[in-house]
Structures are given as C-alpha cells and as structure tokens.
Amino acid sequence: MKMLRALALRVAGMFSKDRREQEFAAEIESHLQMQIEDNLRAGMPADEARRAALLKLGGMEQTKQAYRERGTMPLLESLLHDVRYARRQCRKNPGFTLTAVIVLALGIGASTAIFSAVYPILFRPLPYAGADRITMVWESRRGERPMAVAFATFYGMRQRNRSFEALAVMSPWQPAMIGSGEPARLEGQQVSAEFFRVLGVLPALGRDFQASDDQFHGPNNVILSDRLWRTRFGADATIVGRKITLNNNPYTVIGVMPASFEDVLAPATELWSPLQSNPALPMDGREWGHNLQMIGRLRTGVSMQAAQGEGTVILHTLGQEYTKGYDSSGGASQAMLVYRLQDDITRDVKPALLAIVGGVGLVLLIACVNVINLLLARGAQRQSEFAMRVALGAGRGRLLQQLLTESLLLALVGGILGIALAQAGVRALVALSPADLPRLNAIHVDSTAFLFAFAITTAVGLVVGVIPALQAARSDPQSGLQKSSRTATGKQQFTRRALVIAEMAIALVLLVSAGLLLRSVQRLFAIPPGFTPSHLLTMQVQDYSRRPAAEPQWPEFDAARARFYERALQAVREIPGVQDAAFTSQLPLSGDFEGNSLYFESLPGEKAIGAYRYEVTPGYFATMRIPLIRGRLLTEDDKAGAPGAVLISDSLGRRLFPHQDPLGERVKMGPDMGRTDRSWHTVVGVVGDVKQASLALQDPDAFYTTPMQWAWVDNVQSLVVRTSGDPTQLIPAIRSAVWSVDKDQPIVRVATMDTLVAESEAQRHFALVLFEAFALVGLLLAATGIYGVLSGSVTERTREIGVRAALGASPAAILALVLRQGMKLAGIGVVIGLAGALASSRALTTLLFRVSERDPVTYAGVTGALLAVAAIACWIPARRAAQVDPAITLRAE
Amino acid sequence: MGNKKDVWQGTLALMVLKTLQTMGPLHGYGIARRIEQTSGDLLSLNYGTLYPALLKMEQEGSITSEWGTSENNRKAKFYRLTRAGRKQLEQEAREWEATTSILARFLSPGEEQA
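Residue numbers (my numbering), protein chains in the order written: chain A, 189 to 1081; chain B, 86 to 199.
Same shape as in the complex, but just chain A:
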C-alpha cells in the first residue's frame, strides 16, 4: 500500500519536476543559512562557516541529484526520453521507417489473421460444458472410412450402452416455409430427443425435447435458433406454444435456443425437430440406411477406448439379432469408432491449416530478418553517433536500451498497422475459406488475437532489435569516431550477408510450397469430371409435401410428385436459350452424397455392392454430356409398371464383370434387397464414369434409374440446364418457369456447374491462394534484402571500385564483380532453401495431388524464378558500381 502510494507520487512527480526543484532549492538554501548562522555563532569566520555547512551537507549538487532521483522515476524517465528520441530518429528517416513498418505490419498482420482463423478452429475448446467428453460416434467396416450410423445401431446402442451419459443422432432436414414472398427453404436438423443434452445446452425460451416428442408419429414440434426467431418471428417472446407452418404441416414451437448456442455439427442450422424414427425398423425404411450422425456425451471417467470397445461388442450382438436388416445394408459393421468431437470436425482441415500456420510463420520470420537487415544497415550509418554517445559517457547498457526502444517502437507501429491489416485479412480469409471449414462464425479478430498480436509485436521488437543493438553497443568508440560514417565493419557485413542468405532460403521454401500446390491444383483441374461442366446451370428444386405413412397411398403420391417435376421440366425446356434440361437426385461435385446398394443375381457370393445412386430423368445424360458406352440410355418408357431398367457406370461394370458384358444382368437395389415381392431390374446400358465426391478421388461406381422405377421419388432434386449462352443470364427465367407450375416450391443452391467444380476443390484452392500470397511476399522481401545489402556494399566500396576503375577495370568487369558477389549469396541461400524445402514439404503431402513433394520440375522452376529475381535485384546496384567515375570517387574521400 505504502509502496504503491509512493510509486504513484513519483510517477506524478515526473510532471511537476520544475516546481519541486525550485522548492527544494529554497529549502536547502534555508537549511544552509541556518547552519551558517549556527557556525558563525560558534565563532567561525564567514567564508569558513559557509564551506563547513556545504561540507556537512555532502555537496550541493549531489544532494539535489539524490533528491531528484527520489522525486521521480529515473528508469521511466530515461525510457520516455528514449521513446522521444526514437520517434525523432524515425521521423528523420521516413524512408527507412516506412519500409520497416510496412514489412513488420505485413508479418504481424498476416500471422495475426491466420492465428485468428486457426486458433478458434483447432485449439479453442468447443462452446459446450464439458466439451472434452462430447464425442462423435461412427460405424466402421473393415478397411473403410468411418461410416454414418444406421438408426437400428443407434437404437440398440442407446438401450444397451453404459459408457455414455447421453446419445443422440441427427440428420439434415430442409423444410419449406411459405410466407408472403418467395418460398424459403430452411436449414434444419432432425434430432433424437437427447441431442441438446449431449451438447449440454438448454433452450433460452421454452423447453428441450423429451422422449415423448421423439416417437414414431409423435407430435410436430420444433425448437428455433435465436437467429431464425429474430429474423422471421421478430423475437416474439410469446412464440412458445404457437404453431408455424412447415412443409404445409402445422408445427408447434416448443423452444428457442440461446443466441450463444453454436451448432458446430451444422453451423447453418435454423431449427430442430424430433427425428421420430420407427423403432419397429421396417427393412425398406431409412432405419437401415447409414444416414445418421451420432454424438455422445461420455460418462465421467469413461475413456474413448472403453466406449469404443463397448460399442463394438453391442454392435456384434445387434448384428446377430437383426440379421435381415443389417443384410439389406451390406452386413453389420465390424466396429464402432469414438472420436472427440473437436478432433472429428477438424480432422479434414487440420493438415491444411497447420501447413498454413507454418507458411505464415516463415513469412513472419522473413519479415523479421528483413527488418534486422535494415536496422543493421542503419546501425552502420549511425556508428559515429553511437561512438559519440559512448565517448560522452553513455554506458553500453544505456545504448542497448535506447536501440531496443527504437526497434520496439517500430514493432509497435507495425503491430498496430498489422492488426488493421489482420481485420481485413480475416474478412478475406472467411470469404475465401472452403465451405467445409468448421466453426467459421467463431473466426474474428478478438481479444485473444489482440493478445497474440501484442505478444508477437513485443517478441518481434526485441528479436529484431537485439542483434543490431548488440553490434552497435559492442563497437569501439574510438574507431567509430575516426571512421567516416559510411563504412561498415567486416563483422557487420558478415551478419548482413548471413541474413540475406537466410531470407533467400526461406523464400525458396515458400516458393516450393506454393509451386507444389499450384501444380497439384493444375493437375486436379486437368482431370476430366466425366461430363461437360461449361454452360450448365444447376439449382435444387424441392417438393416439400410429405409422403404418406401408409404404403397403399405411395404409388399415387409418387406419381403426383413425378408429375410436378415433369411439368417443371417442360416449362424450363420452352425457355429460349435452353438446349436441354433434366432432374437428378444428386449432382456430381456439389457436396451431394448418396450411396445405396446393389445386389446382382449372378453374383450371389457378393453380399451388396455400394455405389452412388442417381435417380434421373431420361434427358440427364444428354444434358450433362455423359457418354453412353454400351446398350441404351433411359427413356420415357422406363416408367412405373414397365420392366425395371438400370444403367451402371463403366467402372462398376468392369469391376464386377471383367470378362463379360454386364448388359442384361438382373439386379435388386437398396430397399428392395432381401424382398422377394419386388421384381428384378435389368442392366440396359453402361455410361461413362463421373467424378462425384471430388476430382481427386477414384470412386466412380454409380447406377442410374428413372424416378418412377425407384422405391420412392426424392423430394429434393437438382435441375440441370444446358444453355447456349451465359447460363447465369437464364436464372430468373428458369425460376419463374418452375414457379409457373407451383409457386410454393423453394429453389435453392443456384450455381453454374463450373462454380461447383471449382468449389469442390476449395480446400486446396484456399491453401494455394494463401501460399501464393506468402511466396510473393517472401520473394519481394528476399529481393529487397539482397538489393539492400548489395547496394550498401557498393556504396561502401565506392573508393575501392574507383581504384579498380582507375587501374583499368572495365565497367563490364566491375558489373560482373558486384553481380558475382550478390549471386553468391543468392546461390548459398538457394542451396540451404532446397534442403529446407525437401525437409518441410512433407507437411503438404495431404494437400498435394499427383505431384511428388520432391517434384523436380517445381524445384527447378522456383529455383530459377528466385535466382532471376535475385539477379534483377543485384543488377541495379551492380550497374551503379559500373558507372562509378574514378576521378570523382577518389577525390571524394
């Protein structure tokens, strides 16, 4: 307490220095007078009396100094002084200051932006209580990737497990809401009762789902997101209990989630309704499809391994009990997989994000090296100033403090600019980011990012300052004063050259990374997708009416739905500029993913073969330009009641029937499997392979039927339209054509096929754009670095060059001399950089495609590019050296 009070007074004392010193002078004067009087009274002569008084005081100036030091904070004062001085220094050299600040702002800004994006995704705990116990649960077949859970599995697990406090499943649900304007499709999720309990979040208004909500044919209840509640319902506080209309059916709002609730599993979700699956498990229902995501909250103390082990045991018992059901979906899975939720949602993006973090780290490093070099160059120019200060009594420590203050000030200004840059950068990052980047709305420049930026700024200020400051403080004042202001010592030259080599090496690593990614993306987009994406417009059209629960009404319902699609297609085809149009249940390279199983009569050994299922209108192949390889395409005659016709993809035919023609093979599909009352379909044709999930993946097995020959007509279909001109021009016409048939059908995800193809590789593209930017910055900084050093060295060697010229060296020889000096540095840097790139490019492996991380073309190419840029940077000072006039330079010194 006492010390704090004294500290505050001392700091305040810095501002009332003059007044206090005057006052102390008066006090000490009165003190002296009193003593002199006493001394005189004691019989001393007058001059002796004053001398003795001063002696007793211990010196006037010393006393004043001691008093002054106690009155203020000497350390703080010298710091303030240093800051003032540093500011003056920076103003005096605007070119240097501007360069350093911009370089630092780039480095700090880029790393802060990347940090702001990566930290919340990979490292900040999910916004749920006990987030570490929330897990994602998958089924797994031997050797395959994690597979979505079937309802039967969930149902059995929920009944029997002891590892989880709560278990829940969810599946996407996109209900239509028809208001006054255009029909809207909402992003929803159908969830089992304990969904919110697993996440540990309760509604802010109303109540959570209960077991009674989640029952087959249960009540239509929904819980709204805060955003939907505000935008669509004006934040109506009395909404709980009210009915809203979704898909033409009344739903009761039972709750509203808090604004802070973030559904990391499906961030766009606006509302939730109970799943209401049928535990009686009909074999042709969705209950046996692997179409659910499962999450679970582990009991305290239960490890993920234990939960996984228990799940696997339960799964095996289920497999034995429901042989029929599991058979129809290709047999029971071998194991359950349990992952921490955060790891699960970030698994796909982690390698790319970590590579980007590495890249930005290199950018920061190269920026620091660049500024160190600038400071060293300036330190060389200021040598006589430092020498003068040391000669005048400044301690080495004092000099160090002053120089560090200068570099910290530079870093601070750079840091502030950098944060502004990071704000813009983060916005750009979010705009650029691939759609599958999780937790996108958690990304912004927040207090953690500020803290990070501040820490980085301080660290950079110290790192950048310490080498030049040490060098300046170490220098010998005498030689410094004697030397002219421009020459640098050999030691400084050595440091600066080492730094340029480092810059070159780092730049090369960045260039190699960018080059490898560029080649990967080029190779990727050179892969034919199996159809012609240009001049194709796509949009999702939805028929939201619900299929009746009871089977007898199905054919009638499906026919009505098919009629709607048929008439919409007719209307679209009549638009001028439309060449062809078709509907399909899923669209390639759009994120759509629906697999189903096939059972071939002639392959009884094979249980079920998984493949992409397409339900398409006959014009689909012509519209997409998917080639027919054998047999015939689907036609209008392949309708309900007609013999079932199915097309298979080339790869599927080759794989299953390597030595015979697959045409005429009989097959049962998906829900029909295992049912003797369903008739066989016949393979009538083979069509070309199409990339479905990604251009990079080899999984083109697919089969095609018409809607009326599948077990149901899908309610969400993608319309594909081939146009003669720019497809985007036709968007309004096509929308109104669909709405002319039924004005209440939502139309969403309108995009050209070209866009969808590009977005399908968004993650690689994202990494590529960032690395291109990093590499460009690195290249620029390395070039300015080598230019700076060489140009400094030419200035210092002007006299030597002059002598050479006077002794007969030709301009060309001098040019070559300087160029050789610069290119030697670049060459060493390149060699070190190549080694570094070979070591570090392994981090990129998952992002590369058909390009080795040691791809010689890339390495050679970027090495050439870097050396060319270095040569240009060296050329300028070299030319200046070649133009040196010996007469003038020799006279100058």
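Misleading hints may appear alongside valid ones.
[As the list claims (entries may be wrong)] Listed next, the in silico SDA-like pairs over lysine to any residue satisfying Cα-Cα at most 25 Å (straight line):
(1) A:K190 / B:D126
(2) B:K172 / A:M248
(3) B:K160 / A:G246
(4) A:K205 / B:M100
(5) A:K252 / B:R171
(6) A:K205 / B:P137
(7) B:K160 / A:K190
(8) B:K160 / A:E782
(9) B:K141 / A:R256
(10) A:K252 / B:A189
(11) A:K244 / B:W152
(12) B:K160 / A:L243
(13) A:K190 / B:S124
(14) B:K141 / A:S867
(15) A:K827 / A:S867
(16) A:K244 / B:R171
(17) B:K103 / A:K205
(18) A:K827 / A:E782
(19) A:K512 / B:G153
(20) A:K205 / B:I120
(21) A:K931 / A:G246
(22) B:K141 / A:E257
(23) B:K103 / A:A254
(24) B:K172 / B:G109
(25) A:K190 / B:P137
(26) B:K141 / A:M248
(27) A:K244 / B:D126
(28) A:K252 / B:R190
For the record, the hints were derived by calculation from the structure and aren't laboratory data.
Given the coordinates of chain A, assemble chain B onto it according to the supplied hints.
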C-alpha cells in the same frame, strides 16, 4: 556498501519519526541537529542524505510538510507526523526494541556460559 546504507536509511526514518514525535513540527536542519544532539554527538549525520529520506517518508505518507517561519524568522519547510506516521513509529519502535533485546542477549555474556 548498499546493504549498510539500507540499514542506515531504515534507522534514519525511525529517528526522524521519533524526533518529530517529541519535538513537534520541525524543519530539516532542526531534525538533523536534534538527531545529532540526541545521539550525544556520537552520530555524524550527512545532512545531504536526510532530504531524500524525508521526501521518501512524505511520499509514503508518514510525514507531511508545509512552509512556515523558523524561530530566527527565516522561511523554512516544516515536517510533522501524520496519523499513519504515528502508527508506523509505534510499530517500528516495538520491532526495534525486540530486535535490540534479542541482539543484547546474544552479545552480553550469558549465565550459561559462565
């Protein structure tokens, strides 16, 4: 060197406080003279060190100062104890007595040794 000075400064503060308690408000010169006299002129005080010490005590709030007129009609700065200073004096005096009595037991020849 540094350690000695610290100890000295600590005791100097105590002496100043005690002086101000017995004498009432007093100027710097008066405090210095009084300390010397009380010590029976055994202590030779460097007057220059007194003033930073006074400033420190004032900053810490144990004394306060104001300008006044000395007995010889001279303008001088008078220091006086604050309530916090009085409390500090009591406490430090107690501590000091405890310390000295402990030290005295060590230094005086005890009965056990005899």
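Evaluation of the provided hints:
The straight-line distance between the Cα atoms of A:K190 and B:D126 is roughly 32 Å, outside the 25 Å bound, and the hint therefore fails. Only pairs whose Cα atoms come within 25 Å are accepted, and B:K172 paired with A:M248 is rejected, the gap being roughly 34 Å. Taken as a hint, the B:K160 and A:G246 pair is honoured in the structure, with Cα atoms around 22 Å apart against an allowance of 25 Å. Restraint check: the Cα-Cα separation between A:K205 and B:M100 comes to about 28 Å, which exceeds 25 Å; the hinted pair is violated.
Of the supplied pair hints, the one linking A:K252 and B:R171 is violated, its CA atoms being roughly 28 Å apart against a limit of 25 Å. For the hint pairing A:K205 with B:P137, the CA-to-CA distance comes to about 15 Å; that is within 25 Å, so the pair holds. The suggested pairing of B:K160 with A:K190 is violated, with an alpha-carbon distance near 30 Å, which exceeds 25 Å. A distance of roughly 99 Å separates the Cα atoms of B:K160 and A:E782; the hinted pair therefore is violated under the 25 Å criterion.
Distance hint between B:K141 and A:R256 is fulfilled; the C-alpha atoms sit about 11 Å from each other, no more than 25 Å. At most 25 Å may separate the alpha-carbon atoms for a hinted pair to count; A:K252 and B:A189 exceed this at roughly 39 Å. Annotation: proposed proximity of A:K244 to B:W152 holds, straight-line Cα distance about 23 Å (limit 25 Å). For the hint pairing B:K160 with A:L243, the CA-to-CA distance comes to about 22 Å; that is within 25 Å, so the pair holds.
For a cut-off of 25 Å, the pair hint linking A:K190 to B:S124 is broken: about 29 Å separates their Cα positions. A hinted pair counts as satisfied when its Cα atoms are at most 25 Å apart, and B:K141 with A:S867 does not qualify at roughly 103 Å. Restraint check for A:K827 and A:S867: satisfied, since their Cα atoms lie roughly 14 Å apart, inside the 25 Å limit. For a cut-off of 25 Å, the pair hint linking A:K244 to B:R171 is broken: about 29 Å separates their Cα positions.
Annotation: proposed proximity of B:K103 to A:K205 is violated, straight-line Cα distance about 30 Å (limit 25 Å). At most 25 Å may separate the alpha-carbon atoms for a hinted pair to count; A:K827 and A:E782 meet this at roughly 22 Å. A threshold of 25 Å between alpha carbons decides the hint, and for A:K512 with B:G153 the separation of about 108 Å lies outside it, so the pair is violated. Only pairs whose Cα atoms come within 25 Å are accepted, and A:K205 paired with B:I120 is rejected, the gap being roughly 30 Å.
For a cut-off of 25 Å, the pair hint linking A:K931 to A:G246 is broken: about 101 Å separates their Cα positions. For a cut-off of 25 Å, the pair hint linking B:K141 to A:E257 stands: about 11 Å separates their Cα positions. For the proposed pair B:K103 and A:A254, the alpha carbon gap of about 24 Å is at most 25 Å, so the pair holds. At roughly 15 Å between alpha-carbon atoms, B:K172 and B:G109 fall within 25 Å of each other, so this suggested pair holds.
In summary, the hint linking A:K190 to B:P137 is supported, as the alpha carbons are separated by about 16 Å, within the 25 Å threshold. Among the hinted pairs, B:K141 with A:M248 is consistent with the structure: their alpha-carbon atoms are about 19 Å apart, no more than 25 Å. At most 25 Å may separate the alpha-carbon atoms for a hinted pair to count; A:K244 and B:D126 meet this at roughly 14 Å. A C-alpha spacing of about 42 Å is found between A:K252 and B:R190, which places the hinted pair above 25 Å, so the restraint is violated.
Checked against the numbered hints given earlier, the structure breaks hints 1, 2, 4, 5, 7, 8, 10, 13, 14, 16, 17, 19, 20, 21 and 28 and satisfies all the rest.
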